[in-house]
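There are 2 protein chains.
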Amino acid sequence: MSQPKEITIYDIARELNISATTVSRGLKGHPTINKNTRKKIAEKAKELGYTPNTFAGSLRSKRTNTIGVIVPRLNSYFMSSALAGMEHVANKNGYNLIISQSLEDSKKEIENAHTMFNRRVDGLIVSLAFNTENIAHLLPFSTRNIPVMFFDRVYNSEQFTGVVIDNFAAGYDVTRHLIKQGCKRIVHLAGNTLRNVYHDRLEGYSQALKDHGVPFDPHLVITSNLSEEAGVETAQQILQMPQLPDGIFSANDNCLVYCMLELKKAGIRIPEDIAVAGFNNDRVCQIIEPNLTSIDYPGYAIGETTATHLINHLLGHTNIHNTNTIVLRTELVVRASSLKRKE
Amino acid sequence: MSQPKEITIYDIARELNISATTVSRGLKGHPTINKNTRKKIAEKAKELGYTPNTFAGSLRSKRTNTIGVIVPRLNSYFMSSALAGMEHVANKNGYNLIISQSLEDSKKEIENAHTMFNRRVDGLIVSLAFNTENIAHLLPFSTRNIPVMFFDRVYNSEQFTGVVIDNFAAGYDVTRHLIKQGCKRIVHLAGNTLRNVYHDRLEGYSQALKDHGVPFDPHLVITSNLSEEAGVETAQQILQMPQLPDGIFSANDNCLVYCMLELKKAGIRIPEDIAVAGFNNDRVCQIIEPNLTSIDYPGYAIGETTATHLINHLLGHTNIHNTNTIVLRTELVVRASSLKRKE
Numbered sequence: 001m002s003q004p005k006e007i008t009i010y011d012i013a014r015e016l017n018i019s020a021t022t023v024s025r026g027l028k029g030h031p032t033i034n035k036n037t038r039k040k041i042a043e044k045a046k047e048l049g050y051t052p053n054t055f056a057g058s059l060r061s062k063r064t065n066t067i068g069v070i071v072p073r074l075n076s077y078f079m080s081s082a083l084a085g086m087e088h089v090a091n092k093n094g095y096n097l098i099i100s101q102s103l104e105d106s107k108k109e110i111e112n113a114h115t116m117f118n119r120r121v122d123g124l125i126v127s128l129a130f131n132t133e134n135i136a137h138l139l140p141f142s143t144r145n146i147p148v149m150f151f152d153r154v155y156n157s158e159q160f161t162g163v164v165i166d167n168f169a170a171g172y173d174v175t176r177h178l179i180k181q182g183c184k185r186i187v188h189l190a191g192n193t194l195r196n197v198y199h200d201r202l203e204g205y206s207q208a209l210k211d212h213g214v215p216f217d218p219h220l221v222i223t224s225n226l227s228e229e230a231g232v233e234t235a236q237q238i239l240q241m242p243q244l245p246d247g248i249f250s251a252n253d254n255c256l257v258y259c260m261l262e263l264k265k266a267g268i269r270i271p272e273d274i275a276v277a278g279f280n281n282d283r284v285c286q287i288i289e290p291n292l293t294s295i296d297y298p299g300y301a302i303g304e305t306t307a308t309h310l311i312n313h314l315l316g317h318t319n320i321h322n323t324n325t326i327v328l329r330t331e332l333v334v335r336a337s338s339l340k341r342k343e
Numbered sequence: 001m002s003q004p005k006e007i008t009i010y011d012i013a014r015e016l017n018i019s020a021t022t023v024s025r026g027l028k029g030h031p032t033i034n035k036n037t038r039k040k041i042a043e044k045a046k047e048l049g050y051t052p053n054t055f056a057g058s059l060r061s062k063r064t065n066t067i068g069v070i071v072p073r074l075n076s077y078f079m080s081s082a083l084a085g086m087e088h089v090a091n092k093n094g095y096n097l098i099i100s101q102s103l104e105d106s107k108k109e110i111e112n113a114h115t116m117f118n119r120r121v122d123g124l125i126v127s128l129a130f131n132t133e134n135i136a137h138l139l140p141f142s143t144r145n146i147p148v149m150f151f152d153r154v155y156n157s158e159q160f161t162g163v164v165i166d167n168f169a170a171g172y173d174v175t176r177h178l179i180k181q182g183c184k185r186i187v188h189l190a191g192n193t194l195r196n197v198y199h200d201r202l203e204g205y206s207q208a209l210k211d212h213g214v215p216f217d218p219h220l221v222i223t224s225n226l227s228e229e230a231g232v233e234t235a236q237q238i239l240q241m242p243q244l245p246d247g248i249f250s251a252n253d254n255c256l257v258y259c260m261l262e263l264k265k266a267g268i269r270i271p272e273d274i275a276v277a278g279f280n281n282d283r284v285c286q287i288i289e290p291n292l293t294s295i296d297y298p299g300y301a302i303g304e305t306t307a308t309h310l311i312n313h314l315l316g317h318t319n320i321h322n323t324n325t326i327v328l329r330t331e332l333v334v335r336a337s338s339l340k341r342k343e
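Chains A and B, in that order, are what the protein sequence lines are.
Number 140 in full-length UniProt numbering belongs to position 140 of the first sequence; there are no gaps in the numbering.
Number 158 in full-length UniProt numbering belongs to position 158 of the second sequence; there are no gaps in the numbering.
Careful: at least some of the hints might be erroneous.
[Unchecked claim] Dumping the calculated DSSO-like pairs for lysine-lysine here, alpha-carbon to alpha-carbon at most 30 Å:
(1) K340(A) - K184(B)
(2) K180(A) - K39(B)
(3) K107(A) - K35(A)
(4) K264(B) - K107(A)
(5) K44(B) - K108(A)
(6) K28(A) - K40(A)
Simulated from the structure, these hints should not be mistaken for laboratory data.
Predicted model, so just to flag it, every value in this text is computed and none were measured.
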């Protein structure tokens, strides 16, 4: 593909048959150039694809007004809500988001980080991939004083701030709710405990069992990638258990929904035979029958909070380096899927 | 925030107490520099955040191996599938995607285009916002010979190629199916007909009615932004009709699902009272009860196709400027929501 040379003010000057000085002044809105000419110049500049913020410009100002976001996947209601929250704050402050997905693969996450670094984002927001084990790929950002913030799936580090919910407390609340509904054999659908979110939800589950005198049975903890496919497989696994569980707490809604559909096919009554509760309060909770009890994960708020702290730091209003973690509230939303008895 | 100067080979040389020439050669893998030193240099470079592909590099090569994608929203199964298809092709070819969302607002779409332009993407993929009326904001790309491709929501133009499905045929098929099920008063939930996809689906609906001797009634065409909220409002509108419809064809699944939930609350039996069919074959079609008849929109394939043509053009294998439109096949997936009688 041919690579035409940069469009310069000289090209604009030639096209309009005026001096480059006039063009330069016109573009800067210099008072000595009359409105009409300024308008003509601006229009021609746009038409030719001349932009003042080309690399040279960026190099000078060292500002791109762009924030990079790296997320595991873009296929969940939680993630689209979180991004909507970030967009809201970014727009208000004249920043644009550029987003990339790691597809749950740390190798891809590293590539994404390099891309964002080379595209010169002013700041970076990351939710870690399933299998990311360290954050060496993010250190170049701190070397360059480019602030990095984590949300949801965070990494506990000196340099970076994370915005999370209290996953332990949430996991505890769901489990306690199921116990209060009379459940004694509660299956937990867990994710990769390398990630804080899944580790803490499992801990909350264990602690709730302990505090209520329900023995912890490792066979009842089923770990997977929490995908739709995993949901179906999990249901088959559950149906083959010598003794069926009477409750399920899943670390996400999506996986549980496909597990529910499979259990229902097998004639299991929900909640009578098995009471179930998920995590995230995904839209699907109000579509599946019976409607799904879940933890309301404030995706929009977590996105807003993360972007707000990052941008306040960029604008020099605050210094996030003093903050290690920001914890948002969650709420248990009880629906028909877990109500064996009125609470 | 302090802005440290560029990390250069001189910084690396100083830190390692060796000559800049050695560093430069080491980074290039020059044979005169021994493995050990090369390793030390590489590690220090990484630690300091030195990267060869900084702006200077990009300016020379004019290549960023980055493809920009602008989409209306990231909150649909169709969109996440399309992006997964693009990622698949991009990864295979060493390209990274950076994604931004217009949030259905042409103003935001214009900003996104500028951001992508200034981040120097090698190519751009766009699905247009609900209210975008022209593509002036994309012309600078063609001026710079940066290829632009549309998918799904395309704009018919000389310069650019679009990847679409035959929305007319799909709309025709769904409507004919409902007519064959005995429906005579079929409501159509339409989107903004400024967008090809919604315009063509409506046309297909009208033509099918005409070909089967069912009169077209403008009162049965309800136009909205096809959101969840619109689905609920539409249901209320339908329930107030002097004579209830016996069928609904919605231009997307998501809106229809919320319409169905509301109709069910009002005691409407689906499909007995009203047979319904949607568009996209979203995951939710197999979660809602009764399962939803829909047009299988091959999101992953449309993403793969778009990225493949763009990258083949970038690699000089083909020239997309010769291609105006690429049309993919769709399929009507019949489920319980529309089956008044066995076909």
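*Hints broken by the structure, by number, lowest first?*
1, 2, 3, 4
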